[in-house]
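**Q** Sequence:
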Amino acid sequence: DLYLNTFLLAGVWAFLRSERERRPVGWLLGAYFVWGLAALTKGAGVVILPAVLLPAWYLLHPPASWWRLIGRHALGVLIFLPVGLSWYGALIAEDGSLLQYFLVEQTIHRYTSDQWSRDQPAWFYLLTVTATTFPWLFALLGFGRRWRELRAKRATVIWLAAWFMVPILFYSFAQSKLILYVLPAYAGLALLASYWLGAASAGAMVRWSRIARGFFTLVFAALFVAPLATDLVAGSPAYYLFLVLALAALWLLPQRLMDTAPNGAGRLVTTALLFSLLLLPVGTQFLSHNELLVNSPARVVSQLQDQGLSAHHAYSLDRELPAVAFGLGAPLHQLYTGEMTRDTSWEINADWRQGWIDVDGRATRDSLAGRWTAEPTLVITYRTPPDSLRYWLEQLGHRDSLGPYTYYYNFPPDR
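Under our numbering, the residue at position 151 of the sequence shown is numbered 132, and the numbers go up by one with no gaps.
In short, the hints are calculated from the structure, not lab data. Here the structure is a predicted model, which is why all the values come from computation and not from measurement. Glycine is no exception: its CB is placed at the ideal position from the N, C-alpha and C atoms. Check each hint, because a few of them may be wrong.
Estimated spans, in silico, between C-beta atoms of each pair [as the list claims (entries may be wrong)]:
| # | residue 1 | residue 2 | range |
| --- | --- | --- | --- |
| 1 | Arg237 | Thr(-13) | 32 to 40 Å |
| 2 | Glu301 | Pro43 | 38 to 46 Å |
| 3 | Arg237 | Glu301 | 46 to 54 Å |
| 4 | Leu122 | Tyr372 | 53 to 61 Å |
| 5 | Arg129 | Leu233 | 35 to 43 Å |
| 6 | Gly310 | Leu35 | 44 to 52 Å |
| 7 | Pro385 | Ala350 | 23 to 31 Å |
| 8 | Pro385 | Ala331 | 43 to 51 Å |
| 9 | Ile329 | Leu108 | 42 to 50 Å |
| 10 | Ile329 | Leu122 | 48 to 56 Å |
| 11 | Gln376 | Asp332 | 41 to 49 Å |
Please work from the sequences and hints to get the whole structure.
**A** Next up, the structure:
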């Protein structure tokens, strides 16, 4: 997603250069070229941003000749297609049925169905984007009717608002949702905020600087208090030290800044920037001491290695655990019930069946139980399995738990 966003923004920058240069064709072709790289990075979803920004721009800035404009963009499409579709085209040439897979399964069904188990409510992006763009979105909404005062820049403001709002609305109706799907929309909000920073009054900057500093202080204070208030959250001396330094920097540095902006915008920008930068080391310390709280299996791997349980035949049940396989340095055989989460449509042989085993049937479970009597075996589960599977796994003889993970094994650990 980060590479995708980089290519998309580079394309927008080149497009804007093409609109401001006397010889626009070169910049416009460059925009389509990097948008092609974006498509090569993550498929057809990249067209959403250009599909919003280009029509909106020309509706707000009508060209002198529509035919000449269409000709330039048609030439750009001829650049985009061989770059963006090169890899997909090579695969489709090898197997024509992949065309439907890319267009239907990976594009239409990804938007219209929850086949990837990423369903979220329609307000998912409204909540997450609002929370992750503080204080800018609130400040922009609070500017209200004063946006009308930017008469000379009204077209640009409307264009940036469309950049931010339309992709979020589009993905809000998608059945498959991840927060990074709307990452390209954040740049539109950032540019829109820059106009607000230049137009808002000094009083507004003072007020929003206090609001932002107060909110960020509450976030750091909550992180400080959490390990003291509940056993579910752990801290460390380094964790508390980072938090104290973060709070000190948040309250001292912006006030000592020589603000060159006439309305004092520099202090607000510095406050928000400091919070983002300081959250990185604080968050790193928090996550390193609360791995199980965020479902990281790192401590499970460490415990398995400490107990000498890692160098044996290992399985996971109903949940892929690639981090465990990576930590143990060995593949995990996947036991699953119900529908398999792996797409095997394009496997060229049946070798994958050695690593994926359907344990819905009693005969398969009995066969595995017989095999396990002759070899050291480890089975890792996330959450408690159903009773029928739990009784079957308990035949291994030993069980340990760590957070939401439970593992069963049939040989004595090294204590």
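**Q** Honestly, which of those hints from before does the structure not fit?
**A** Hints 2, 8 and 11 contradicted; others consistent.
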